[in-house]
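Chains as they are written, first to last, in full-length UniProt numbering: chain W, 1 to 453; chain A, 1 to 235.
None of these hints come from the bench; they were simulated from the model.
One or more of the hints may lead you astray.
Stated by the list, open to error - Simulated crosslink set (BS3-like; lysine-lysine; CA at most 25 angstroms straight-line):
(1) 116(A) - 213(A)
(2) 19(A) - 16(W)
(3) 30(A) - 78(W)
(4) 23(W) - 225(A)
(5) 78(W) - 19(A)
(6) 23(W) - 226(A)
(7) 29(A) - 78(W)
(8) 151(W) - 213(A)
(9) 19(A) - 29(A)
(10) 116(A) - 197(A)
(11) 19(A) - 243(W)
(12) 159(A) - 212(A)
(13) 30(A) - 151(W)
(14) 206(A) - 226(A)
(15) 190(A) - 148(A)
(16) 151(W) - 159(A)
(17) 29(A) - 151(W)
(18) 225(A) - 356(W)
Said to hold, decoys possible - Some but not every residue of chain W turned toward chain A, in silico, with C-beta under 8 angstroms:
(19) 145
(20) 186
(21) 196
(22) 213
(23) 214
As the structure is a prediction and not an experimental result, all values here were calculated from the model.
Note that CB positions come from ideal geometry on N, CA and C, so glycine has one too.
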Amino acid sequence: MENSTIRKSKVWSPEKIDEIQEKAELGRYRIRGQATKRQDLPSFDDLVFTPAGLSRVALEGYREKCDTRVVIGEGRVKRPLVLETPIMVAGMSFGAINSNAKKALGIAATRCGISTCTGDGGMHPVEREASEKLVYQLLPSRYGLNPYDLKRADAVEIVVSQGAKPGTGGTLLGQKVSEEVANMRDLPLGVDQRSPCRHPDWMGPDDLGVKIDQIRIATNYEVPIFIKIGAGRVYDDTKLAAKAGADAIVIDGMEGGTAASPEIQLDHTGIPTIAAVVEAAEALHEIGMKDEIKLIIGGGISNGADAAKAIALGADVVYIGTAMLVALNCNKSIYVEDYKALGTEPSACHHCHTGKCPVGIATQDPALMARLDPDEAADRVENYMNSLTMEMQIFARSCGKSRVVDLDPTDLRSLTWNTSMITGVPIVGMGTTRNPYWADYHHATGQHEFVAK
Amino acid sequence: MESVKDQLVINSNETSQEKLNELIVDAAKKGIKEVVIKHPQARHNLGVGITDPIHLVYEGDVGYYACSMSDHISAEVHGNAGWAIGENLMSGEIVVEGNAASSTAASMRGGTVVVKGSSGARTGIGLKGGTLIIGGNVGYMTGFMMQKGKMIICGNAGKALGDSMYAGTIYIAGDIAELGNGAEIVDLPKAEYEEIKHTLESYGMKAPASFKKIVCNGLLHNFNKKEFGVWKTVL
Ligand SMILES: Cc1cc2nc3c(=O)[nH]c(=O)nc-3n(C[C@H](O)[C@H](O)[C@H](O)COP(=O)(O)O)c2cc1C
Ligand code: SF4
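So here's chain W without its partners, still in its complex pose:
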């Protein structure tokens, strides 16, 4: 029969058809948690390390000391932030995740000598107690912001935007605005909270400089101040953030996670983390502040290889959100029936926005929360953090570096042209760096002459 072959369309893929029909039902764009699911982004996997051989000597693999410590704000503030390993737990709001998750992350981070971050929605006392080093976010929404918590913080992070949804503010759908969340944020119970994206009291980089002065005074010049920006116009934004007076700049790539965002924005705004780190490092280098101002990079960092490559490209620290939740149990194959009830399955869940997290992380429902034991979860997160540190050290040692921070772009080669162009890292093989021995082959006077050489 004519036209009997079943052919799938690239344009009208099952996902596209689903999307249209879902919007036809919803009457608005799709909202979901997690990150972009684009398959075509350049990533750290496109790079490989070029370990020591004869031209350079490796450090003793599993033994020789390899330093991981980073200090933020040294020489700039009275109480710099010391991180024992170049990892920070990214800001995830109380509201997006619950106090059990906050507690587990805080305990693990404290044991590893690193920081957690309040995220939006104010400082939860459970997190302050669990986390020895706590970064306090100052966002356009200003939920729960007060001078006492500001003075209790170990660093302050002024959020301009997030990588997942640059150009919009936070979203917390009504089902997650519980009584405690509503009280902390001064919101009516159960409203769909859609926060502003512009700060209420400053507009541009010059005003931001005055704002930073204000926070410095309010915190008695004690703690470092970060500026967090979703990766877009990274090169210019980094320079302006440095000029405004930040001690550290957080650049969050488009792969960055979220608890709720318009899906269309996850997929179509911002630039990938690997491109962002290079632009930001270059901007700081150009203004001679690469050493003084620390560069923190987030967005899709999942293992020690991603982290070490980001550092080699110029980051000082990596910021991790989603992977920490995964270590807590996010997307684990337990309570499978509950994933099914949400219309998903373990490893494909992005339903943080529903407030019905099957594993008890992104929910304020007490029955679901009980599924996350903070002490057990803290052990898992601690183990994961330690594995990241060890993996980063593997690359540093094998490249002959006694400090992870000494990794640099010359330790890398690119597997793809794309990533080579984006990062400036030479492609593997002889590539553009040197002519291979057969470069003359085709335009040599003759093949036999070539052989005779």
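With the hints as your guide, set chain A with the ligands onto chain W.
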């Protein structure tokens, strides 16, 4: 700098921003009742993050963020104020004799801020509590995303008044260039008018003959596809 019993006088001309704040914080800690700041010269961040009770007297104009991020303070500004005076104030009272620039009392959480003149764009933006009183007019986006608290405006308002407010109340005597999305005008009970009048008089201000009361109409609280006319501009 001279110290008279319960009063400390600082000449802002001769004192760095950092030192000036240190002196105020110290004075408040020591229980000194009043600090007079001479020649403030519209400098920024004069009196920030103060959490012990103290009365501040600014003998002139102040720049950005005066009396911001503070608790339990009271202040009089004998001049005009720059951006975001009283930003994130927790409790206390600030009175500005002149005009204020933009973002007056942004995200204020408690206390009272009074501007006897006019105030610019984003006045009372993200208000989370307390009372904000403006003797004159207010600019664009006043009361944007207001969450709690009360605003009394004796003059006119620019566009987008009360846009996307979650809750709280705005009282306005003059004209409204355009009411914001999600805000609506409701009847003003007589008792509330009397209360406004009484409040204004307590600051030596004359109450206009009538006020309109603006509250949140709730349409933006939870998404409803049937209300797309309201939602299309805010999603
Ligand atoms: C559940 C969740 C909640 C988040 N909440 C916030 C927030 O409140 N403020 C913020 O600046 N970023 C927030 N983020 C973004 C993170 O701070 C960080 O930028 C991002 O997670 C980094 O990318 P990654 O998830 O791939 O590690 C959140 C992310 C997640 C996954
Ligand atoms: S398992 Fe929970 S935290 Fe993970 S994506 Fe699903 S809802 Fe979000």
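Tested hints:
1. 116(A) - 213(A): OK: residue 116(A) and residue 213(A) at ~20 angstroms, within 25 angstroms.
2. 19(A) - 16(W): With Cα atoms ~61 angstroms apart, residue 19(A) and residue 16(W) exceed 25 angstroms; violated.
3. 30(A) - 78(W): holds, 24 angstroms
4. 23(W) - 225(A): The given pair, whose Cα atoms are some 11 angstroms apart, holds under the 25 angstroms limit.
5. 78(W) - 19(A): holds, 16 angstroms
6. 23(W) - 226(A): holds, 14 angstroms
7. 29(A) - 78(W): holds, 21 angstroms
8. 151(W) - 213(A): Violated, because 38 angstroms separates the two Cα atoms, which is more than 25 angstroms.
9. 19(A) - 29(A): holds, 15 angstroms
10. 116(A) - 197(A): holds, 15 angstroms
11. 19(A) - 243(W): holds, 23 angstroms
12. 159(A) - 212(A): Given pair residue 159(A), residue 212(A) holds - Cα atoms ~16 angstroms apart, limit 25 angstroms.
13. 30(A) - 151(W): holds, 19 angstroms
14. 206(A) - 226(A): violated, 44 angstroms
15. 190(A) - 148(A): The given pair, whose Cα atoms are some 22 angstroms apart, holds under the 25 angstroms limit.
16. 151(W) - 159(A): The given pair, whose Cα atoms are some 37 angstroms apart, is violated under the 25 angstroms limit.
17. 29(A) - 151(W): Given that 25 angstroms is the threshold and the Cα spacing comes to 16 angstroms, the pair holds.
18. 225(A) - 356(W): holds, 23 angstroms
19. 145: holds, 6 angstroms
20. 186: Status holds, d = 4 angstroms.
21. 196: holds, 6 angstroms
22. 213: Since chain A brings a Cβ to about 5 angstroms from residue 213(W), closer than 8 angstroms, the hint holds.
23. 214: holds, 5 angstroms
Violated hints, in rising order: 2, 8, 14, 16; the structure is consistent with all others.
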